[in-house]
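J.: One letter stands for each residue in the lines below.
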Amino acid sequence: MGRYHYVFPKWSNLLLPGALLFGATFPLYAIYVVAYGFSPATTDVGYMPKQPIPYSHALHAGELGIDCRYCHNTVEDAAHAAIPPTQTCMNCHAHIKKDSPLIQPVRESWETGEPIRWVRVHDLPDYSYFNHSVHVNRGVSCVSCHGRVDLMEEVWQEEKLSMGWCLECHRNPEPHLRDPSLVTNLAWKFDGEAKEETEYHAKLRDQFAINPSQDCSACHR
Amino acid sequence: MKYESVWEGPGERLPLVDNHDSLGSVTKEVLRAAEVPKPPIGWFIGLGVASTLASCFGLLIGYLIFTGVGVWGNQNPVMWGFPIVNFVFWVGIGHAGTLISAILFLFRQKWRTAINRFAEAMTIFAVICAGTFPGIHVGRVWLAYWLFPIPNQMEMWPQFRSPLLWDVFAVSTYFTVSLLFWYLGMVPDLATMRDRANTKLKAFAYGFFSLGWRGSTRHWHRYERAYLLLAALATPLVLSVHSVVSFDFAVSQLPGWHTTIFPPYFVAGAVFGGFAMVVTLAVPARQIWGLKNFITMRHLENMNKIILLTGSIVGYAYSMEFFIAWYSQAPYEGFVFINRATGQHAWAYWIMIFCNVVSPQLFWFRKCRTSIPIMMFVVMCVNVGMWFERFVIVLSLEQDFLPASWAYFTPSWVDWAMMLCSFGLFFTLFLLFIRFLPVIAIAEIKTVMPQGDPHDPLGGADHHHDHGSAEGGQE
Chain X
1 MGRYHYVFPK WSNLLLPGAL LFGATFPLYA IYVVAYGFSP ATTDVGYMPK
51 QPIPYSHALH AGELGIDCRY CHNTVEDAAH AAIPPTQTCM NCHAHIKKDS
101 PLIQPVRESW ETGEPIRWVR VHDLPDYSYF NHSVHVNRGV SCVSCHGRVD
151 LMEEVWQEEK LSMGWCLECH RNPEPHLRDP SLVTNLAWKF DGEAKEETEY
201 HAKLRDQFAI NPSQDCSACH R
Chain W
1001 MKYESVWEGP GERLPLVDNH DSLGSVTKEV LRAAEVPKPP IGWFIGLGVA
1051 STLASCFGLL IGYLIFTGVG VWGNQNPVMW GFPIVNFVFW VGIGHAGTLI
1101 SAILFLFRQK WRTAINRFAE AMTIFAVICA GTFPGIHVGR VWLAYWLFPI
1151 PNQMEMWPQF RSPLLWDVFA VSTYFTVSLL FWYLGMVPDL ATMRDRANTK
1201 LKAFAYGFFS LGWRGSTRHW HRYERAYLLL AALATPLVLS VHSVVSFDFA
1251 VSQLPGWHTT IFPPYFVAGA VFGGFAMVVT LAVPARQIWG LKNFITMRHL
1301 ENMNKIILLT GSIVGYAYSM EFFIAWYSQA PYEGFVFINR ATGQHAWAYW
1351 IMIFCNVVSP QLFWFRKCRT SIPIMMFVVM CVNVGMWFER FVIVLSLEQD
1401 FLPASWAYFT PSWVDWAMML CSFGLFFTLF LLFIRFLPVI AIAEIKTVMP
1451 QGDPHDPLGG ADHHHDHGSA EGGQE
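Residue numbers (my numbering), protein chains in the order written: chain X, 1 to 221; chain W, 1001 to 1475.
In short, the hints are calculated from the structure, not lab data.
Wrong hints could be hidden among the right ones.
Said to hold, decoys possible - Quick list of the computed label-pair ranges, beta carbon to beta carbon:
| # | chain 1 | residue 1 | chain 2 | residue 2 | range |
| --- | --- | --- | --- | --- | --- |
| 1 | W | Gly1042 | X | Ala35 | 15 to 25 Å |
| 2 | X | Leu20 | W | Arg1161 | 49 to 59 Å |
| 3 | X | Glu168 | W | Arg1140 | 43 to 53 Å |
| 4 | X | Phe38 | W | Arg1140 | 17 to 27 Å |
| 5 | W | Thr1067 | X | Leu182 | 51 to 61 Å |
| 6 | W | Gln1253 | X | Gly164 | 24 to 34 Å |
| 7 | X | Tyr129 | W | Leu1106 | 50 to 60 Å |
| 8 | W | Arg1161 | X | Asn172 | 19 to 29 Å |
| 9 | W | Gln1329 | X | Tyr32 | 42 to 52 Å |
| 10 | X | Ser100 | W | Thr1067 | 56 to 66 Å |
Ideal placement from N, C-alpha and C gives every residue a C-beta, glycine not left out.
Using the sequences and the hints given, assemble the complete structure.
T.: Right under this line is the structure:
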């Protein structure tokens, strides 16, 4: 027998139920924290940076009904959706509300040639490739990714833009398809029976040969 | 009665523990390695060398992570170079531990008791070394958790059809079960060490890990139940883990790899290499720590018999591969094997044949099975040979389907250094184990001594009701 004797103290009896409780609940807690806490739904959705000018999409795109492509004019031809130059604003504002203090920064930019520093809202990581034209031309509406921008005063991020979210649609694209002439009509809803809607989507998929890639290299090039 | 004879007449068995008249002296002798105030100088030298190598392993891994997997010699067409060779080599070594602890336990092979503890320790340390290689081979080690199917925002899952994923499950299950088995078996012995501790820290540490063991009948009852259940659980793992490792090759559609013989052949090879490593470790350990009374020549001889058996199975598998390559009349299959034996890496093939097939044949002779120098020669050959076996298999990648890309695989210095340093990690862990934990299952070995057998006069059998053989009974 050694000189020292170790005996568990009485309170250590509590450790067993404690450990069991911990073992049973901690994994659930950890899964919850990771699945919700680290999800882009928590970290990214609702991102609404302050813009240099209080430009209202609700007014321009919603109330006045300016087509998305009037300002974001590259979406049908290019991967990138252009942010309009000051010139585009001035097309109208050279005549309308030309003295309003709200658009003072636009006039300043027009006079000095310094572009307006819009803050980017929808920002994909640099390692992922996204092409606007291939989506827009084959009937995926703006609303699928950007939400009802025509109702937003200031634009926020509506969707997660996570990889899983992209894959969701790449695995089952049909519900997001519509006639390409309707892509910028954010308020559009299919009018008819559920069965007809399914057929409508299937027909579009067939017509445009839509078979979205799930390969890594589709987006990570 | 000091002898190292291994002769067993019909119906008799040599004692499993030599030179012990009481149970108490067993405890003292086994724990000497852990209880001497100053371990022998050889231990310090060994630990010094091993831990230096282990530290270098860490530095090399840092260099690899910092620079990228290009520091290895892996290059088109041999994309799996040393990392997978080392992985399979170490996982294979780990197989003897479970075989001894689980299968030999279920078959009531009592001679396993002297060697099971450190064979299990060896298993765990070998699997640690093995797990390192695929872990750092993924390239971006910070994403190594992608190996596991964890729900994630990318909705990306591992490829469930890939044997590499099955490997992740097989090896991690194996590690977990081996660790539990090793630890569970150690609890009574840790309690012994707790009770014999001479410092407060030791008393606390051993006391903590012995989980309040008091040795009551209820404790023993539950302990033995749990041990039996774990043994039953671990038994299929002995066969499954290396089968799954062989799927890494067999499931891919490459000539020379895509064969049904791979799983049994790999399992036999793993047991073969594992036992060779147990003997490699047991011989010096019993010498240095004076464990010859427990790890007797009978134990070593038994292990050598298993080495002979499994070595012959491996030899059979090698020849069967050639036979099937000819019998199938598949030109590519035939080419691979002819090329192995006569091609640019023929030297590696013949080293493998000599070490794995020829050298164990010495064990047909009792003289060779019971001679320390000869058995050390053979097991060293097997250690080398089993490494080369995996090397030869992986290098059939050199001649792929496109002759324009054929190449000669040259390992880089990092390849060699990492292989060497993984031995450093292995031996560091092993030397620490020898110093701080009971190297032999003390409680268990007492049950195979006559003093532990209630039907034996030495174990206290009542000689009045005995059938006349109570002479010399200890009362």
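J.: Are the hints correct? Go through all of them and say.
T.: For each hint, the structure was consulted:
Distance hint for W/Gly1042 and X/Ala35: a CB-CB separation of about 54 Å, inconsistent with the stated range 15 to 25 Å. Our hint of 49 to 59 Å for X/Leu20 and W/Arg1161 is violated, since their Cβ atoms are close to 37 Å apart. Hint check: X/Glu168 to W/Arg1140, Cβ distance near 25 Å, so the stated range 43 to 53 Å is violated. Taking the beta carbon of each, X/Phe38 and W/Arg1140 are about 19 Å apart, inside 17 to 27 Å as hinted.
In this structure, W/Thr1067 and X/Leu182 meet the distance hint of 51 to 61 Å, their C-beta atoms being roughly 53 Å apart. Separated by about 32 Å at the C-beta atoms, W/Gln1253 and X/Gly164 satisfy the suggested range of 24 to 34 Å. A C-beta distance of roughly 57 Å is found between X/Tyr129 and W/Leu1106, which places it inside the suggested range of 50 to 60 Å. Roughly 22 Å separates the CB atoms of W/Arg1161 and X/Asn172, a value that falls within the hinted 19 to 29 Å.
Under the hint 42 to 52 Å, the C-beta atoms of W/Gln1329 and X/Tyr32, about 59 Å apart, miss the expected range. Against the hinted window of 56 to 66 Å, the Cβ-Cβ separation of X/Ser100 and W/Thr1067 comes to about 59 Å, which satisfies the hint.
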